[in-house]
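Engineer: Chain by chain, the residues:
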Amino acid sequence: MITDRLALDRRSFLIGTAAATGGLALGLKIPFGAGVVRAQDGSPEINAWVVIRPDDTVVIRIARSEMGQGTLTGLAQMVAEELECNWAKVTTEYPTPGESVKRKRVWGNFSTGGSRGIRESNEYVRKGGATARVMLVQAAANGWGVPVAECSAANSLITHKPSGRTVTYGKVAEAAAKLTPPTEVTLKDPKDWKLIGKPVKRLDTLPKVTGAQVYGADLKLPGMLNAAIKDCPVFGGKVKSFEAAKVTGMPGVRHVLPVGDSAVAVVADTWWQAKTALDALPIVWDEGPNAQVSSASIAEMLKAGLDADQAFVRNHNGDVKTAIAGAAKKVEAVYAYPFQNHAPMEPMNATAKYTPDRCEVWVPTQNGEAAFAALTAASGLPADKCEVYKIHLGGGFGRRGAFHDYVTQAVLIAKQVPGSPVKLLWSREEDMAHGRYHPVMQAKLVGALDAGGNLTGLHCRLSGQSIITAVFPQLLQDGRDNLAFQGLDPSGDFALGYTVPNLLIDHAMRNTHVPPGFWRGVNINQNAIFMECFMDELAQAAGQDPLEFRRKLMAKHPKHLAVLNAAADRAGWGKPAPQGVHRGLAQMMAFGSYVAACAEVSVSGDDKVKVRRIVCATDPGYAVNPAQIERQVAGSFVYGLSALFMQECTVKDGRIEQTNFGDYSSMRIAQMPKVETILMPSGGFWGGVGEPTICVAAPAVLNAYFAATGKRIRTFPLKNHNIQMA
Amino acid sequence: MARMTINGKTSEVDVQPSTPLLWALREQAGLTGTKYGCGIAQCGACTVHVDGKAVRSCVMPVSAVVGKRITTIEGLATNGVLHKVQKAWVDHEVPQCGYCQAGMIMAVAALLKDKPRPTDADIDSTITNICRCGTFQQVREAIHAAAKA
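Heads up: the sequence lines are chains A and B, in that order.
Using our numbering, read the first sequence as starting at 51 and increasing by one per residue.
Using our numbering, read the second sequence as starting at 660 and increasing by one per residue.
It is worth saying that the hints were derived from the structure and are not from the lab.
Be a bit skeptical, because a hint or two may be false.
Keeping only pairs whose Cα atoms sit at most 27 Å apart, straight-line, the calculated DSSO-like set for lysine-lysine is [as the list claims (entries may be wrong)]: (1) Lys746/B with Lys251/A; (2) Lys668/B with Lys251/A; (3) Lys727/B with Lys712/B; (4) Lys746/B with Lys139/A; (5) Lys668/B with Lys724/A; (6) Lys251/A with Lys211/A; (7) Lys270/A with Lys772/B; (8) Lys270/A with Lys177/A; (9) Lys807/B with Lys712/B; (10) Lys154/A with Lys353/A; (11) Lys774/B with Lys807/B; (12) Lys248/A with Lys761/A; (13) Lys353/A with Lys371/A; (14) Lys727/B with Lys724/A; (15) Lys228/A with Lys238/A; (16) Lys288/A with Lys435/A; (17) Lys211/A with Lys221/A; (18) Lys746/B with Lys248/A; (19) Lys270/A with Lys465/A; (20) Lys606/A with Lys702/A; (21) Lys668/B with Lys660/A; (22) Lys139/A with Lys743/B; (23) Lys807/B with Lys724/A; (24) Lys625/A with Lys769/A; (25) Lys609/A with Lys238/A; (26) Lys211/A with Lys774/B; (27) Lys244/A with Lys371/A; (28) Lys211/A with Lys238/A; (29) Lys727/B with Lys807/B; (30) Lys177/A with Lys288/A; (31) Lys251/A with Lys743/B.
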C-alpha cells in the first residue's frame, strides 16, 4: 500500500492524507484503491457529477462551457432533477480537461457548440444525478438498518416513511461515496419533472452585475507578464523581419518575441505597455501569393460554381431538369452571403505558464479538450504534465470552439519566458484581422411552376466555402461537406420542411484562403435566406399568399408546419397590419429544433427599415429553462439581424479590411424589435436552442421588406444597398 | 504619478499620462470589472463615471482625469447594497455572457441620474452600448423597473 502511494503524484498523496485525517484538502482527488474520490475541499464525490459538502451544499460538475447561453444552469437543473436535491443549495464547477484525461473522459464531451450542450448530454447528466440519489438513499437505509424501498428522497432530505426518521444528504454523503454505484437507474418520466421546464433563475448572474466575474481577459496571477500580438495580416503569410531594438527601451517592455513563423509579440509588465510598443514595432511581412486575393476575385470564383457541371449532391428526388424544362413558369434568382466575424465582446485571450515539467493554460474556451490538445501540441509536453483551467467566456458564438490559435500562441510565448505566467490578449483589431469567418456562399435557385401555380421542381445550387474541409477534413463524405446543407437535408436534425416532386440541392465547393469557421447558426444563416426568400419569390410568381404557398408543400412535415402556423397566427398573418406595417415569414429546422418567425417592419422613404416586432415559434422537443430560451431567441435575432444589416468582412490584398466596431457595426438597443417567443415543446426529442432561431430572423425581415417595397435584396449586408436599420 | 479618487478612495496611479483610464483602472488599480471591448469608444464596455458622468474610459487619458472622482462598477453598490440598476439587472436576469454588462449598467446608472423616469426614446438615444449576446429586450425592461424602484 505504501509503495502504491509513493507511485502516485504528490498532490494526490496530500489529498489522501488530508482526507484520512479529516483535515482540509488541498488539491485533487484521485483515490487510493477503492477509497472515496474527493473534491478540492475534501468533500466526497458521490460520483463524477455530484459532490456533497457536509453543509448540504451540492456541487454539480459541468463539462460544457458557459458563454452566456445558460447551459450551466440548464445542465445543473437536469442533474438536480434526478438527484432530488435542494436547488437553493446547488453550486457548480468545471472539471478540468486534464482530470478528464486521467479519468477516461468520465464527463464525456466538453465541446460547447452546435447547440449540443443540453441536447447531447441530457441523458448521461440525468443518469449522473439519478445514480447519486440512489447511492445517498441506500446509505441512509444502511445507516438505519431498514429496507431501501421504505426510504425516499426529496429536497436533499431522505425520509424513512414507516418511522418518520429523516437525514440530510450532507450527513450520508461520506457513506454514500463508499458504495458501489448501481449499474442501471431509471430516469423520471418527463411528466414528473419538477425542475426541468421551470424558468429557474440563472446561477451566474450576481457576479456579472458587480464586476466580480473574472473573465480570461481579467485574470491576474503572481508574477504575470502581459503580451500583445500581431499575426501576418495576410492569411498564410509570414514574418520577414522585425526591429526589436526600436521598442525594447519603451516603458515596461521585457521581450520582443517571434511566435511561430507568422507572428510577433511584445511582452511587457502591463498589456497597455505591450500594445503601445507593438504598435511602434517595425515589422516586415512576407505576404506570399494570397496577397493577390480580393473580395471580387473570390466572388468570381463562386459565381463560376453556380453553373459548374460538377457538384456534391445532398438532397435529390425526381428529375429536376425535366421539370424545369417543362415548367409553365420558371423562376430564377442568385443570392450571395458574405464573410462575417464573430466579434465576441471579449477579444481572444489565453494565459500560459510553462516550465519544462509542466504547462498550464487559463482560457475562456467552448471546448476545454480542444484547448488541451492545442496546449499539449504547442508545449511539446506529455498530457500528464499539462492542464487547462476553463473560465467563463465573454461571448463565444463559435469562435472559441474548434479554434485555439490564441492558446497555441500563448504557449509559444510562455515557452520563451519559462516560469513566468504570460497573459496574451488580442486587440480588437487583431480579432477582426484573424477571425474564423462565416463562410462565403452564393446560391442559384431555379423553380418550376405549373399552370396552376404549383411548385413542380426546385434546384438549389450552392457555391462556396466548406468549413469541414478547412477544419475537420476527416468528416468529409467522399469529398462532400454535409454541413454545407444545414436546413436543406432530406431528413434528420436539419431537414428541409418542403416536399417538392422534383428536387436537387447540390454544392459546388469553392474554398478560399480566408479561414472559415462555425459562426452561430453556421450554414443555416445563408441557407435559410436562400430557401425562405426564394419561397416568397415563388409564391409571388404564382400569385399566391406566401403562407398558403408554403403550407401546400408542408403536409408531410407537421412539426415544421406547426411552428410556422403558430408564428403566423400570433402575428396576425392574413389580418390587416397597422398602417405602414408589413409582414414576412420564414421557417426552418436546425440543430434538431423547428423554428419559424413572422417579422413586422415599416420602411421610410429613405430606406430606413424599422423592425418593429418578430414573433418566433420554436419546438425544441423539451424546454429545460423557458426563461433562458426566450433570451436565446431574442439574442439570436440581435446577432442575426446585425449580420443582415451591417456586417461584412471584405478582402483586399489578401487581408480583411474591417478593423473594429466602427466599420463592423452591431445592433444597438434603439434598433431592437419587440421579440415574442412561442415555446411549443412537443416532447420525445431533444433539439438545440442557442442557434436554430437565428436563421429565421433575416429571411422573415427580408420578406417583410419585399412586402413593404416590392424590392428583392439578394446580396448582403443591407448597408451595401444603403438600407439602414432604424 | 496621477492622483485621482477611485470609488471614494484617493489613489496615486503610476502610469504615463497618455495611458487610457481603462488600463490604469485595470492594470494599476486592479479593478477589472471595467472591460476592454474595442479601444475606440464604440462599444461602451469600458464605461465608468467621471464626476458622475458616463465616460468611455478606453479613450480618456489619465491626464484628463487627474483630481477627478471616478466610479467603476465595483464602486456602484453602497455598503454592500446593490445599486437599483444592479438590483433590476438581477431581478430581470439581464446578463448572458455578461462581459458588456458593467459598461451597460454604468451607462444606465448615469442616465437615471439625469432622467429618473426615462422614456424609450431617452433610452434609445443615450444607451448606445454594444451587446453581442443581444440582451437589449431585458435591458429595456430592467431600466424601466429600476426607474420605478
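Engineer: Please go over all the hints and tell whether each is borne out by the structure.
Structural biologist: Checked hints:
Our distance criterion of 27 Å between C-alpha atoms is met by Lys746/B and Lys251/A, whose separation comes to about 14 Å. Of the supplied pair hints, the one linking Lys668/B and Lys251/A is violated, its CA atoms being roughly 35 Å apart against a limit of 27 Å. With a CA separation close to 11 Å, the supplied pair Lys727/B and Lys712/B stays within the 27 Å bound. Of the supplied pair hints, the one linking Lys746/B and Lys139/A holds, its CA atoms being roughly 21 Å apart against a limit of 27 Å.
Between Lys668/B and Lys724/A the alpha-carbon distance is near 42 Å, which puts this suggested pair outside the 27 Å criterion. Of the supplied pair hints, the one linking Lys251/A and Lys211/A is violated, its CA atoms being roughly 32 Å apart against a limit of 27 Å. Between the alpha carbons of Lys270/A and Lys772/B the distance comes to roughly 34 Å, so the proposed pair goes past 27 Å and is violated. Of the pairs offered as hints, the one joining Lys270/A and Lys177/A is violated, with about 37 Å between alpha carbons and a cut-off of 27 Å exceeded.
With a CA separation close to 21 Å, the supplied pair Lys807/B and Lys712/B stays within the 27 Å bound. With a CA separation close to 48 Å, the supplied pair Lys154/A and Lys353/A exceeds the 27 Å bound. Restraint check for Lys774/B and Lys807/B: the C-alpha separation of about 12 Å stays at or below 27 Å, so the hint holds. Restraint check: the Cα-Cα separation between Lys248/A and Lys761/A comes to about 43 Å, which exceeds 27 Å; the hinted pair is violated.
For the hint pairing Lys353/A with Lys371/A, the CA-to-CA distance comes to about 20 Å; that is within 27 Å, so the pair holds. For the suggested pair Lys727/B and Lys724/A, the alpha carbons sit about 40 Å apart, so the restraint of at most 27 Å is broken. With a C-alpha separation of about 25 Å, the suggested pair Lys228/A and Lys238/A falls inside the 27 Å cut-off, and the hint holds. Between Lys288/A and Lys435/A the alpha-carbon distance is near 31 Å, which puts this suggested pair outside the 27 Å criterion.
For the given pair, Lys211/A sits about 18 Å from Lys221/A by alpha-carbon distance, which is consistent with the 27 Å threshold. A threshold of 27 Å between alpha carbons decides the hint, and for Lys746/B with Lys248/A the separation of about 22 Å falls inside it, so the pair holds. Restraint check for Lys270/A and Lys465/A: satisfied, since their Cα atoms lie roughly 19 Å apart, inside the 27 Å limit. Distance check on the hinted pair: Lys606/A and Lys702/A sit about 47 Å apart at the alpha-carbon level, beyond 27 Å; violated.
With a C-alpha separation of about 46 Å, the suggested pair Lys668/B and Lys660/A falls outside the 27 Å cut-off, and the hint is violated. Distance check on the hinted pair: Lys139/A and Lys743/B sit about 26 Å apart at the alpha-carbon level, within 27 Å; holds. For the suggested pair Lys807/B and Lys724/A, the alpha carbons sit about 21 Å apart, so the restraint of at most 27 Å is met. Restraint check for Lys625/A and Lys769/A: not satisfied, since their Cα atoms lie roughly 31 Å apart, outside the 27 Å limit.
Using a Cα cut-off of 27 Å, the hinted pair Lys609/A and Lys238/A holds, with the two alpha carbons roughly 25 Å apart. For a cut-off of 27 Å, the pair hint linking Lys211/A to Lys774/B is broken: about 60 Å separates their Cα positions. In summary, the hint linking Lys244/A to Lys371/A is not supported, as the alpha carbons are separated by about 54 Å, beyond the 27 Å threshold. For a cut-off of 27 Å, the pair hint linking Lys211/A to Lys238/A stands: about 21 Å separates their Cα positions.
For a cut-off of 27 Å, the pair hint linking Lys727/B to Lys807/B is broken: about 30 Å separates their Cα positions. Restraint check: the Cα-Cα separation between Lys177/A and Lys288/A comes to about 50 Å, which exceeds 27 Å; the hinted pair is violated. Distance check on the hinted pair: Lys251/A and Lys743/B sit about 19 Å apart at the alpha-carbon level, within 27 Å; holds.
Figure legend: structure checked against the earlier numbered hints; hints not met, in rising order: 2, 5, 6, 7, 8, 10, 12, 14, 16, 20, 21, 24, 26, 27, 29 and 30.
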